[in-house]
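Just need the whole structure built from these sequences, with the hints factored in.
Under the numbering used here, the first residue of the sequence shown carries the number 677, and numbering increases by one thereafter.
Calculated directly from the structure, the hints in this document are not laboratory data. One or more of the hints may lead you astray.
Said to hold, decoys possible - In silico BS3-like cross-links for lysine-lysine, where the CA-CA straight-line distance does not exceed 25 Å:
hint: 1; residue 1: Lys1007; residue 2: Lys979
hint: 2; residue 1: Lys931; residue 2: Lys848
hint: 3; residue 1: Lys802; residue 2: Lys702
What the hints assert, rightly or not - Cβ-Cβ distance ranges computed for the label pairs, FRET-style:
hint: 4; residue 1: Asn1052; residue 2: Asp973; range: 30 to 38 Å
hint: 5; residue 1: Lys1014; residue 2: Arg948; range: 32 to 40 Å
hint: 6; residue 1: Asn993; residue 2: Val847; range: 28 to 36 Å
hint: 7; residue 1: Glu821; residue 2: Glu875; range: 27 to 35 Å
Even glycine gets a Cβ: it sits at the ideal position worked out from N, Cα and C.
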Amino acid sequence: MKATRRTVLAGASLAILSGRARAAGKYSPGASDTEIKIGQTMPYSGNASAYGVAGRLHAAYFRMLNETQGGINGRKITFISLDDGYSPPKTVELTRQLVERDQVLIDFYPLGTQCNTAIQKYMNQKKVPQLFVATGASKWGKPKEFPWTMGWQPDYHTEGVIYAKHLLANVKDPKIAILRQNDDMGNDYLDGFHEGLGEAGKKAIVADVTYEVTDPTVDSQILQLRNSGANTFYNVTTPKFAAQAIKKVAEIGWKPSHYLVAVAASLGAVMRPAGFDNSQGIITSQFLKDVTDPRWDNDEDVKTWRVFMAQWNPTANVLEGSNVSSYVVIKGLEHVLKNCGDNLTRENIMKQAASIKDLELPLLLPGIKVNTSPTNFYPISQLRMARLEGEHWVPFGETMTRDGV
677 MKATRRTVLA GASLAILSGR ARAAGKYSPG ASDTEIKIGQ TMPYSGNASA
727 YGVAGRLHAA YFRMLNETQG GINGRKITFI SLDDGYSPPK TVELTRQLVE
777 RDQVLIDFYP LGTQCNTAIQ KYMNQKKVPQ LFVATGASKW GKPKEFPWTM
827 GWQPDYHTEG VIYAKHLLAN VKDPKIAILR QNDDMGNDYL DGFHEGLGEA
877 GKKAIVADVT YEVTDPTVDS QILQLRNSGA NTFYNVTTPK FAAQAIKKVA
927 EIGWKPSHYL VAVAASLGAV MRPAGFDNSQ GIITSQFLKD VTDPRWDNDE
977 DVKTWRVFMA QWNPTANVLE GSNVSSYVVI KGLEHVLKNC GDNLTRENIM
1027 KQAASIKDLE LPLLLPGIKV NTSPTNFYPI SQLRMARLEG EHWVPFGETM
1077 TRDGV
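Laid out in structure tokens, this is it:
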């Protein structure tokens, strides 16, 4: 598999600060008076390539910062995003390249549970920030064991708890069928779901079927789940397989209460390919605004995002949810790097990342804020339920956490 280098330079390594003198800064490898070097691994190819839009947005955003603001705190951004094809061995190879050859300051938003698992010990041994990882596995919030790894989105375990509690309260005599990816992501979602169901509720599970990321389709698994007699479907998939599952469920006339995990709830990458007619009533959870929903047309943050997309990322599909989530997380990184000032050491980056208090970022749903501390490495821990109506996700109910409203 060929690694694709996507780099934003914009004169970064040659940039000359003009107009003012700078006090001597404190730096780790990858930072200087003129440059901040940021690495990333991302699946631009393979079964999870739908997520590659995140890396493309980040490249566009860093280009915008370099060209309009001179970077961050006067330092241009060099961004190196490499294609790992969602393959953990390739992630290991490319991450070593980023750290040892390219000397990046941080590894930002590397995507995939298995891929991040494969590099977590290495990053912590090297003491290089594995920052705001693009996966909701609960293992990213363990600062005692892994002080150099921090999550971003609500963790899968919490999300699973919330779905279980909702269906127990709203589905009469549930008979639950589960489709899940056969890896740590699927296991994390399942563990949280079990916690939310409780011992009595777990007896309602009538089928639990897995798939591999290398499988061509999940059609046979959907037939197996339908034949279990289930009236509730817990769909723990990534975009390609989520779209397949939704289409197959409709094709065979199965009409369960359908819960779809947030990582697969993209309007552009999943719902549209699956068919909006086939997707009505599906329930997911959200922490981001649906920028395609007319209710947000006059929202200033949405207007700003649309202008950015039109000017700096014009070929992107605005229906793809990763264009929203990746925009929010890069705003979070920008906040951290600005707060570092002239102290761009890896230690200070983690210190600033673990010192966020009630940060409101553009495109987060109202009431959802970013909070971290030295003992809390889960920046976003709140969610709202949402249901697909027409071609939009419509939020309902109160903001929820693992412990309730």
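Status of each hint after checking the structure:
In summary, the hint linking lysine 1007 to lysine 979 is supported, as the alpha carbons are separated by about 16 Å, within the 25 Å threshold. For the hint linking lysine 931 to lysine 848, the alpha-carbon distance of about 14 Å falls within 25 Å, and the restraint holds. Under the criterion of a C-alpha separation no larger than 25 Å, the hint pairing lysine 802 with lysine 702 is consistent with the structure, at around 19 Å. Judged by the Cβ atoms, the range 30 to 38 Å given for asparagine 1052 and aspartate 973 holds: they are separated by roughly 35 Å.
For lysine 1014 paired with arginine 948, a C-beta distance near 36 Å keeps the hint of 32 to 40 Å intact. Between asparagine 993 and valine 847 the beta carbon distance is about 33 Å. The supplied range of 28 to 36 Å therefore holds. Taking 27 to 35 Å as the suggested C-beta distance range, the pair glutamate 821 and glutamate 875 conforms, at roughly 29 Å.
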